[in-house]
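Engineer: If you want the building blocks of each chain, they are given just below.
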Amino acid sequence: MAVPILKQGQYLIATIQDALTDADLQQLRDGLVAQVGRHRSRGVIVDITALDVMDSFAVRTVRDIAHMTRLRGAETVIVGMQPEVALSVVQLGLTLEGVHAALDLEEGLAFLDKKANAVRGGRPGG
Amino acid sequence: MRNTESHEPVASTRPAEGRPRSHRRPDESRHGPGAASTGGLLRELVTHLRHNRNQLRDEWAKRIMEARLLTAMSQDEIVAEATSVYDNYLDAVQTGTLEALQAYARSLSERIIPRGVEIDEVVGIVLLLRDVLARSLFAKYRADVEVLNRVLDAYEPAANRIAITVAVGFVQERERVIREQQEAIRELSTPVLPVRERLLILPIIGLIDRQRARQLTEQLLCAIRTNRARVVVMDITGVPAMDSNVANHLVQTVEASRLLGATVIVTGLSPEIAQTLVTIGVDLRTMNTVGDLQGGIEEAERLLGLEVVPVIEAKPQT
Amino acid sequence: MGERQRAAESAGGFAVSRRSGRLSPDLTQEESISVRSDVDIVVARRRGRELAASLGFGPTDQTLIATAISELTRNIVLYAERGQVVLKALVGQGGKRGIMVVARDHGPGISNVEQALQSGFSTSGGLGLGLPGVRRLTDEFDIASEVGRGTTVTVKKWNR
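Protein chains in written order, with the numbering used here: chain L, 1071 to 1196; chain H, 141 to 458; chain X, 30 to 189.
If you are wondering where the hints come from, they were derived from the structure by calculation, not from laboratory data. This list has only true hints and no planted wrong ones.
Selected chain L positions facing chain H (Cβ under 8 Å, derived; list incomplete): (1) P1153; (2) V1159; (3) A1172; (4) E1177.
A virtual CB, placed ideally from N, CA and C, is assigned to each residue, including glycine.
In isolation and in its complexed conformation, chain L is listed as follows (with noise of 0.2 Å):
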């Protein structure tokens, strides 16, 4: 696969390396469901720091990414996206609704980390 998924407890991480083709990033969002699926992790992280373009391709992809593993109970963060990135992203009229998004990493995990404890301390007897 183009692009290693790590698994970290109950999340994912995939790490973006490079400029990636469509076929790719395909390939890259149907591994991310089905291995959703197989851990039943409850994250996704997608960390788009190397992404120097985002085209409207990717940015369907990214939400594709997001609607389908939030469908098998995983929400999913896009980390790292680079300032002209998100410049040109807003530019072309694109919107990533629904799609959350955190500085780095670390802050992903943190976003992660909290809405896991909001749902965990939320429910009676869980």
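Place chains H and X on chain L using the hints.
Structural biologist: Same frame as chain L, but now just chains H and X:
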């Protein structure tokens, strides 16, 4: 032997007594017994210049246009300003005090600087006025060279002081405008302030155009990354108005910040700008807005407080 | 030197480096990338970013240009299967530098160009052409399309 020993003003039409003198005696005319008559002389030439005001002003305006000065202004405007300048000029010549002229020079500069008038034009027109008036005095007093000399003795220093005063006034006004602009630029380019951990404050002041908006966004995003900020309070109290393009940019900035993991709280949203946002299709409920900066900071701290302490409820014992 | 400079200036006002006598960077350069699959999307945008960088565009503009190229190239792949992307350096008034991207295909063409220019990306993920978005990223935008003949999109971006 001096021509006049009395303190009466010298009338130009009186033929010179005795032989006409061709050399000047500046000391005597300024500090000697003739000094008082210099004052009188001054009054006389001012009266003459006032009397011929319209004609001389028009002559001056004509020269201004021939010299292609004040091209930024229309003929009517030039005549109107020329009239004011003329009157102020003569007041200054007569009274010898420059405060009124300084004030006028500054106010004139304030009017013409935005019109694109440059310092060389200002000096040019003042010197042209000086010339026009001098020529008029030459014409009037040329019969008696000694009187003419004394007239010029009275007139020239005054005229030179006036030229300098006007030029300096213009330059000072220019410098004031530049300082104001620099201040505005500084304020606009300042500001991302790391207030406490994870919190940035971005006070925006003045009118923003597209380029400045883009610059602000870039600065903010970089600051979010550098300071690892989770919350940004963007205060637009100091922004009087915003067109839909800039408003769009504001929305984009909020969204781009979110993509870097930071929540933006917008404070100081005026009713007009709120309306602009609604017009471009923004649902203000989706935007995190608070009335003023203080409230925004409190909200930010609340958000950050929530982040730090996860909500873990104790399970009720059954 | 004089003759050469005159010839260069009549060709569009390039500034000739007095030291070497050569134009620098090579502003006459024109690069053509053949587009056949999604792999070429990455190639096109990488080359675009490199050209933009050599022309002095800042990092943000480089990303905007690369993103626009990515969108245009993808349209070729998705709808025409093959085409080409031409990258060219521009010199404008007052010596300002710019980049031109021409995305050309001989695909089915766009039946309703007006509509394509109106509709942006839909949140449902519909496959819009994203042309309004590309327009927002660039300074000048032009499109020519004929059903059955193909589409050519030309965009330019100037360095401030």
